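Chains as they are written, first to last, in the working numbering: chain C, 96 to 577; chain H, 10 to 90.
I should point out that these hints are in silico values taken from the structure, not numbers from a laboratory. It is possible that part of the hints are untrue.
[As the list claims (entries may be wrong)] SDA-like cross-link-like pairs, simulated, lysine to any residue; straight-line CA separation at most 25 Å:
1) H:Lys-54 <-> C:Gln-328
2) H:Lys-84 <-> C:Ser-303
3) H:Lys-28 <-> C:Lys-162
4) H:Lys-28 <-> C:Tyr-324
5) C:Lys-358 <-> H:Lys-27
6) C:Lys-458 <-> C:Val-277
7) H:Lys-54 <-> C:Pro-313
8) H:Lys-27 <-> C:Trp-507
9) C:Lys-188 <-> H:Lys-28
10) C:Lys-358 <-> H:Leu-56
11) C:Lys-508 <-> H:Asn-30
12) C:Lys-122 <-> C:Ile-502
13) C:Lys-458 <-> C:Phe-183
14) H:Lys-83 <-> C:Glu-357
15) H:Lys-83 <-> C:Asn-210
16) C:Lys-194 <-> H:Thr-37
17) C:Lys-532 <-> C:Ala-394
18) H:Lys-83 <-> C:Ile-502
19) C:Lys-162 <-> H:Ile-38
20) C:Lys-508 <-> H:Val-77
21) H:Lys-54 <-> C:Leu-505
22) C:Lys-162 <-> H:Lys-84
23) C:Lys-122 <-> C:Gly-135
24) H:Lys-84 <-> C:Phe-183
25) H:Lys-83 <-> C:Pro-136
26) H:Lys-54 <-> C:Asn-322
27) C:Lys-569 <-> C:Asn-210
28) C:Lys-358 <-> H:Ile-73
29) C:Lys-191 <-> H:Gly-59
30) C:Lys-191 <-> H:Phe-68
31) C:Lys-358 <-> H:Thr-37
32) C:Lys-119 <-> C:Ala-100
33) C:Lys-188 <-> C:Ile-557
34) H:Lys-54 <-> C:Trp-507
35) C:Lys-188 <-> H:Gly-59
36) H:Lys-84 <-> C:Asp-207
Here the structure is a predicted model, which is why all the values come from computation and not from measurement.
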Amino acid sequence: MIFIALIIIYFIFLVLLGLIARNKTKKTPEDYFLANRTFGPLILLLTLAATNFSAFTFLGFAGGAYKYGFGQYGIMGFGTGFMAIMFFIIGRKVWKLGKTKGYITPPELIGDRFNSISLRLIFMSVMVIFTIPYLATQAIGAGMLIEYMTDISWQIGAIVTMIIIMVYVLSGGMRGSGWTDVIQGLIMIIAMSLAVIFIAINLGGFESANLAAFSENPVLFTRPGGNNYFLPQMWFSFMLLWLFADPMFPQIFSRFYTAKDEKSLKISMIVYPALVSLLFLFPVMIGVWAHGTGIEIAAGSEDMVLPMMVATYAPTFVFAFVMVGALAALMSTADSQLLSLSTMLSRDIPIKKKKISEINLGKILIVILSLFAILFVIGGYDPKVGIMGTLVSTTFSGLAVLCPTAIAALYWKKATKYGCISSIIIGEMSIFLFEFKNQAGSSIIPTFGFLSAIWAILVSIIVLIVISYLTQLKSKKLNIIN
Amino acid sequence: MVEIGGKNLKKLPFWFPKKDNFIWYLITIILFLLSIDIWWWERSKPLIYGLPFWVLYIFFLTIITSLVFYTISKKIWRDEN
Chain C
96 MIFIALIIIY FIFLVLLGLI ARNKTKKTPE DYFLANRTFG PLILLLTLAA
146 TNFSAFTFLG FAGGAYKYGF GQYGIMGFGT GFMAIMFFII GRKVWKLGKT
196 KGYITPPELI GDRFNSISLR LIFMSVMVIF TIPYLATQAI GAGMLIEYMT
246 DISWQIGAIV TMIIIMVYVL SGGMRGSGWT DVIQGLIMII AMSLAVIFIA
296 INLGGFESAN LAAFSENPVL FTRPGGNNYF LPQMWFSFML LWLFADPMFP
346 QIFSRFYTAK DEKSLKISMI VYPALVSLLF LFPVMIGVWA HGTGIEIAAG
396 SEDMVLPMMV ATYAPTFVFA FVMVGALAAL MSTADSQLLS LSTMLSRDIP
446 IKKKKISEIN LGKILIVILS LFAILFVIGG YDPKVGIMGT LVSTTFSGLA
496 VLCPTAIAAL YWKKATKYGC ISSIIIGEMS IFLFEFKNQA GSSIIPTFGF
546 LSAIWAILVS IIVLIVISYL TQLKSKKLNI IN
Chain H
10 MVEIGGKNLK KLPFWFPKKD NFIWYLITII LFLLSIDIWW WERSKPLIYG
60 LPFWVLYIFF LTIITSLVFY TISKKIWRDE N
């Protein structure tokens with residue numbers, strides 16, 4: 096009952112924020128899609144954080160820690176914290192180019208740099224293909240969370256959540272998305288802090304909770320941890336993966352454009368690692384502590400360890416608030432994905448838009464994409480199977496392959512469009528080759544314990560350099576002949 | 010105007026390592042390498058407040074990352090507004 100009341104208040108607040116943002120938004124694409132590039136340090140930091148922290152941060156970290164142990168903190172805490180260096184390497188340049196040349200989407204910058212519509216479309220397609228299933232997954236996650244807490248079926252919960260997201264994104268555009276991200280980010284931080292404090296108190300303090308888990312399952316306190324998961328190759332792979340993948344999420348890349356000034360980006364870069372160092376430790380501790388409490392979790396349901404721990408060891412009100420926090424994590428990612436997808440589809444596809452404004456086209460696409468996500472839910476889409484399942488499981492790898500092209504576009508004058516196109520296509524193909532397994536379940540092409548994404552990134556870098564040099568030489572020869 | 014071997018350094022990109030900021034590039038790379046702490050694999054003790062010491066090591070390494078990024082923002086990342 097408390098959860099339903101909190102959810103209703105939370106949803107109403109989000110819609111109101113969206114409506115207020117609508118009143119502040121002028122009818123220009125730059126204002127609707129990028130909040131007129133006015134996000135100061137606090138809003139930028141919290142919108143970047145809330146966008147990047149998804150359901151995986153709340154539920155998946157704790158589930159991973161329950162399964163594999165404290166190693167989960169290492170790859171996520173330091174890995175994503177260090178990723179903030181990309182705010183300097185990529186964000187700074189993107190912000191500057193966006194401001195001077197009026198770019199709104201990531202593919203727009205890449206395509207314009209190489210004067211290539213094909214590259215722009217390929218870059219956009221990869222971002223869209225890997226983001227749509229992820230959006231549907233967030234909606235399903237929200238539905239499941241609501242079903243866990245109430246008698247409402249997960250399908251209804253997912254559809255209602257998607258409609259609320261659609262309403263405030265439709266109303267407020269990037270300003271609505273950014274403002275709601277601030278609220279959602281704060282809810283997440285408070286909820287996670289409350290969860291860990293109440294559970295620790297009820298387990299006799301931090302040290303007792305840790306020691307109880309240690310005596311029950313000491314493997315989780317070391318690496319490689321449970322199931323021998325965190326071998327050094329895997330550890331190295333994850334540390335590198337976030338660096339390449341996170342800034343290539345269209346919802347993160349687009350946020351670089353929204354910064355008011357360089358100071359906002361700088362402060363976000365400085366505070367981000369400190370924020371994740373503490374925030375990411377909480378769900379991991381809760382996941383590990385569960386072993387010392389005797390709570391049994393069935394294989395495959397590890398992601399439910401955090402709700403179960405909070406339900407058992409925290410007051411009902413705190414439990415309800417923590418679940419709203421988890422919902423906030425889901426929604427802040429989904430709203431940003433929805434907006435960035437509609438922005439790209441309305442702006443990067445070269446069609447004549449004489450009869451309809453870019454903003455209206457964007458709004459229509461927001462509705463279509465929301466309905467698309469709802470159709471996934473009604474159609475009984477299972478995020479773990481089929482081609483969509485493959486896309487969800489390879490989202491980070493698929494997007495990481497774009498990073499060499501983005502860096503080349505920003506820094507390497509000798510890079511060519513052919514080099515970039517080949518790098519993306521061959522890089523994406525290599526992911527599926529490295530992921531392909533034979534009947535015995537082992538990879539056809541050996542990965543030597545590293546994630547397939549690392550090999551795909553390496554392939555895409557080599558292809559980018561080789562093809563760029565080859566095509567440069569060819570064009571130089573043609574110039575000499577002419 | 011700085012010149013090396015007759016080449017004008019003004020043409021180098023802003024991020025290119027120079028004498029005064031080279032150290033910060035090096036520190037950033039070392040930070041990343043320190044996070045691959047294979048020398049502490051298969052170890053959990055000593056436990057500090059019940060946490061394995063390497064978890065606190067990673068925690069402080071992440072805090073140090075913030076401090077290094079602060080210095081980068083001051084020393085290397087120059088505003089071009």
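Verify the proposed pairing of Lys-122 of chain C with Ile-502 of chain C, using a straight-line Cα cut of 25 Å. Roughly 32 Å between the alpha carbons, so the hint for Lys-122 of chain C and Ile-502 of chain C is violated.
Pair hint Lys-27 of chain H and Trp-507 of chain C, alpha-carbon separation not exceeding 25 Å: The given pair, whose Cα atoms are some 19 Å apart, holds under the 25 Å limit.
Do the alpha carbons of Lys-84 of chain H and Phe-183 of chain C lie within 25 Å of each other, as the hint requires? Judged against 25 Å, a Cα distance of about 12 Å means the pair holds.
For a C-alpha distance cap of 25 Å, please report whether Lys-162 of chain C and Lys-84 of chain H respect it. Distance ~42 Å between Lys-162 of chain C and Lys-84 of chain H Cα, so the pair is violated.
Verify the proposed pairing of Lys-84 of chain H with Asp-207 of chain C, using a straight-line Cα cut of 25 Å. Violated, because 31 Å separates the two Cα atoms, which is more than 25 Å.
When you check the alpha-carbon spacing of Lys-84 of chain H and Ser-303 of chain C, does it fall within 25 Å? Violated, because 44 Å separates the two Cα atoms, which is more than 25 Å.
Is the hinted pair Lys-508 of chain C and Val-77 of chain H satisfied, with a Cα-Cα distance of at most 25 Å? Not satisfied, since the Cα-Cα distance of roughly 29 Å exceeds 25 Å.
Is Lys-188 of chain C close enough to Gly-59 of chain H, meaning Cα to Cα at most 25 Å? violated, 44 Å
Would you check the hint for Lys-358 of chain C and Leu-56 of chain H, treating anything up to 25 Å between C-alpha atoms as holding? Answer violated: Lys-358 of chain C to Leu-56 of chain H is near 40 Å, above 25 Å.
Just to be careful, I want the Cα atoms of Lys-194 of chain C and Thr-37 of chain H compared with a cutoff of 25 Å; is the pair within it? The given pair, whose Cα atoms are some 28 Å apart, is violated under the 25 Å limit.
Below or equal to 25 Å on CA atoms is what counts here, so check Lys-54 of chain H against Pro-313 of chain C. Holds, because 10 Å separates the two Cα atoms, which is no more than 25 Å.
Between Lys-188 of chain C and Lys-28 of chain H, does the CA-CA distance stay at or below 25 Å? holds, 23 Å
In summary, the numbered hints that this structure violates are 2, 3, 4, 10, 12, 13, 15, 16, 19, 20, 21, 22, 29, 30, 32, 34, 35 and 36.
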